[in-house]
Structures are given as C-alpha cells and as structure tokens.
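Participant: Chain residues, written in single-letter form:
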Amino acid sequence: MHDFENKIINLVQNESSGPDAASFILSFRGRQQKEILQTNRLYSSLNALAFILLVCVFTIGQLDHMQSDVEYFAEDINTQEYFDTDFNLIDQAYNLSDIETFTLFMLDESIIIDAEELVFYNELYENIIDDEVSL
Amino acid sequence: MHDDNNLIQKFQSGDEKSFDKLVEIHLHNVFGFFLKITRDEMVAEDLSQDVFMKLYKNLKNFRHESSFSTYLYKINMNTANTWITRNKWKNILHIDQIPDRGEIDRTNEEEWKRKELWDGISKLPKKQRTVVMLRISDSLSYKEISDITGMSKGSAKVNYHHAIKRLKEILDDA
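Those protein sequences? They're chains A and B, same order as listed.
Heads up: the first sequence runs through residues 1 to 135, numbered per my numbering.
Heads up: the second sequence runs through residues 1 to 174, numbered per my numbering.
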C-alpha cells in the first residue's frame, strides 16, 4: 500500500515555477473589471425589464376600465327623438319615415357625414335606387 | 501567517494593494495545487484566478476564526471539486473521443498514468476525493485535513484508506 501511495505522490509532482505574479495580478484585475461590467450590465437589463413590466401593468390596468361594449344612442331612442336633437338636424326635404336603421347607425358612427349622403346610403342599402342595384 | 493577518486586516479596511500582496504570497501554492490536478498550466491559471476571485469577494467577511491557509485551502478544494465534477461530465459526454490505451505513444506513458489517476480520483465519493487530493498533492497531515474539511481526524484517515484502496483497484484494472 505504501509503495502505491509513494507512486501516486510522485506521479502528481510537477516542476512548474508558475505564472509571473505581476502579470497574474494584472490579468486578475482585468477579469475583475470585466465581471463588474457584466454585473452592471445585468442590473441595467433587469431594471429595464422591470420598467417595461411596470408600463405593461399600468397599460393593462387602464384597459380594464374601458367599456368593451359599444352602446349606440340609437338603440335607446326612437327615430323621431333622435333627429329632433340640436346636433342632428336633417334636411326636411327628405321623408324621415324612410330613414331606416342603417342611417341611424351611420349617424352614430360619425356625425360628420352629411345628412343628404346618409339618406343616399340608406336608400342604397334598401336597394331603392334602381340604377345602383346593378353595382 | 502573521503577515497574512495584517494584510487581511488592511484589505478589510479598504487597502486594495494588500490583496495584491496576498496574491503574490499564495499564488505559487494555489497554482501548484491546481497544476497537479489539471496538468494544464492554462487551466491551472484559470482556476487560480477563480480562487482569488472568490477570495476577493469573501475576504471582507473573514473573521479570523480559522487560519488563512485553511480558509484558502477550503476555497481551493471547492473549486477543484467543481472542476472535477464538470470535467467528469465532459468526459462522459465525449467518451467516444477518448483514445484507446493501445494508441498512446509509450513516451506518453507517464502522462497516461497521471490521467488515469485523476480519472480514478474523480470517480471517488466527494469526501474520499477531497482527502486524497489534499494528502497526495500537498502532503497535508490528517490534522490539517480535518481542519480544512471539518471531518474528524479518524474519519479523514478512514476516508483516505478507502480512497487509496479504491484507486489501487481502478488503476490495476486499467
């Protein structure tokens, strides 16, 4: 057993003088600086990630308060009442009884559209204009 | 030893140059320890740097309860164990690339034996591996080994005995 121990002890011995202390310390300090930079970079990335997550959470929080169902004014009011409001004066030359749901819908979507145009679209929708039907 | 404590105290109070002095004093031993294990100067230097990096990070908390050399040996042993485990897995993963003994040049016989020895050591259980590494690489006494590893002197002896027996079996089989 002792022979074997001596054999393996001799086997692991080496004669290297080792690296130069000054250059070792220099490369050690370089590696240290590199590690500090890497750590700082990691912290910056984590901070950026945390900021993005925070913005996401706030955005999602605000989206929660939005009404998901669009409620149309026209659904709760009859045609006559709707066109009697100050904002929706329609040309009296048109017969209001002919104006159907589509017109009300268009008015709800955008009140900027000209009333005459709305009546025209409505008639188109109802297939009243014969020459446009072919389109 | 006395120098070590002075340098550590200076380093703990913010003197960076003291750490460089500590490196200068202990570099040869640390590097030698790893060179015996790895047989590769580059790897030994890398591992030595790992050790001093760990030392730099933890030395501020050193409480002088044990001697500095014991503390440094503990770091050496942990680093060596990590390297051996990592290397063992690397060898397992590249098992097909290890050349057959018959292909080795006779002039490299010594190198081959060393490789087999360290392969054998890497196969030992951690406690046995630790004891045998400290004993054969730095010829430490059982008392010193028990201080470093925290096991009793008797346990260190038993572990060493089992390790040598197992190594003999491994190397005789090879």
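If you're looking for bench data, these hints aren't it; they were derived computationally from the structure.
This structure is a prediction, so every number in the text was calculated from the model and none was measured.
Treat the hints with caution; some may be incorrect.
Now the in silico label distances, taken between C-beta atoms and shown as ranges [said to hold, decoys possible]:
no. : chain 1 : residue 1 : chain 2 : residue 2 : range
1   : B       : Lys-10    : A       : Asp-3     : 41 to 51 Å
2   : B       : Lys-10    : A       : Leu-46    : 46 to 56 Å
3   : A       : Phe-51    : B       : Glu-41    : 25 to 35 Å
4   : B       : Arg-86    : A       : Thr-59    : 41 to 51 Å
5   : B       : Thr-70    : A       : Gln-33    : 25 to 35 Å
6   : B       : Ser-69    : A       : Lys-7     : 19 to 29 Å
7   : B       : Lys-10    : A       : Thr-39    : 49 to 59 Å
8   : B       : Lys-10    : A       : Ala-22    : 33 to 43 Å
9   : B       : Ser-155   : A       : Lys-7     : 45 to 55 Å
10  : B       : Trp-112   : A       : Ser-27    : 13 to 23 Å
11  : B       : Asn-87    : A       : Thr-39    : 23 to 33 Å
12  : B       : Glu-109   : A       : Leu-49    : 17 to 27 Å
13  : B       : Glu-169   : A       : Gly-30    : 39 to 49 Å
All residues carry an ideal CB built from backbone N, CA and C; glycine is no exception.
Participant: Are the hints correct? Go through all of them and say.
Facilitator: Now the hints, each set against the structure:
At roughly 48 Å, the beta-carbon separation of B:Lys-10 and A:Asp-3 lies within the given 41 to 51 Å, and the hint holds. In this structure, B:Lys-10 and A:Leu-46 break the distance hint of 46 to 56 Å, their C-beta atoms being roughly 34 Å apart. The supplied range of 25 to 35 Å is broken by A:Phe-51 and B:Glu-41, whose beta-carbon atoms lie about 46 Å from each other. At about 44 Å, the CB distance of B:Arg-86 to A:Thr-59 agrees with the hint of 41 to 51 Å.
For B:Thr-70 and A:Gln-33, the Cβ-Cβ distance of about 30 Å falls inside the hinted range of 25 to 35 Å, so the restraint holds. At about 27 Å, the CB distance of B:Ser-69 to A:Lys-7 agrees with the hint of 19 to 29 Å. Under the hint 49 to 59 Å, the C-beta atoms of B:Lys-10 and A:Thr-39, about 25 Å apart, miss the expected range. Roughly 20 Å separates the CB atoms of B:Lys-10 and A:Ala-22, a value that falls outside the hinted 33 to 43 Å.
In this structure the hint that B:Ser-155 and A:Lys-7 lie 45 to 55 Å apart at CB is violated, the actual value being about 25 Å. Checking the proposed 13 to 23 Å range against B:Trp-112 and A:Ser-27 shows it is violated: the Cβ atoms sit about 32 Å from each other. In this structure, B:Asn-87 and A:Thr-39 meet the distance hint of 23 to 33 Å, their C-beta atoms being roughly 27 Å apart. Distance hint check: the CB atoms of B:Glu-109 and A:Leu-49 are about 56 Å apart, inconsistent with the given range 17 to 27 Å.
Between B:Glu-169 and A:Gly-30 the CB atoms are about 45 Å apart, so this pair conforms to the stated range of 39 to 49 Å.
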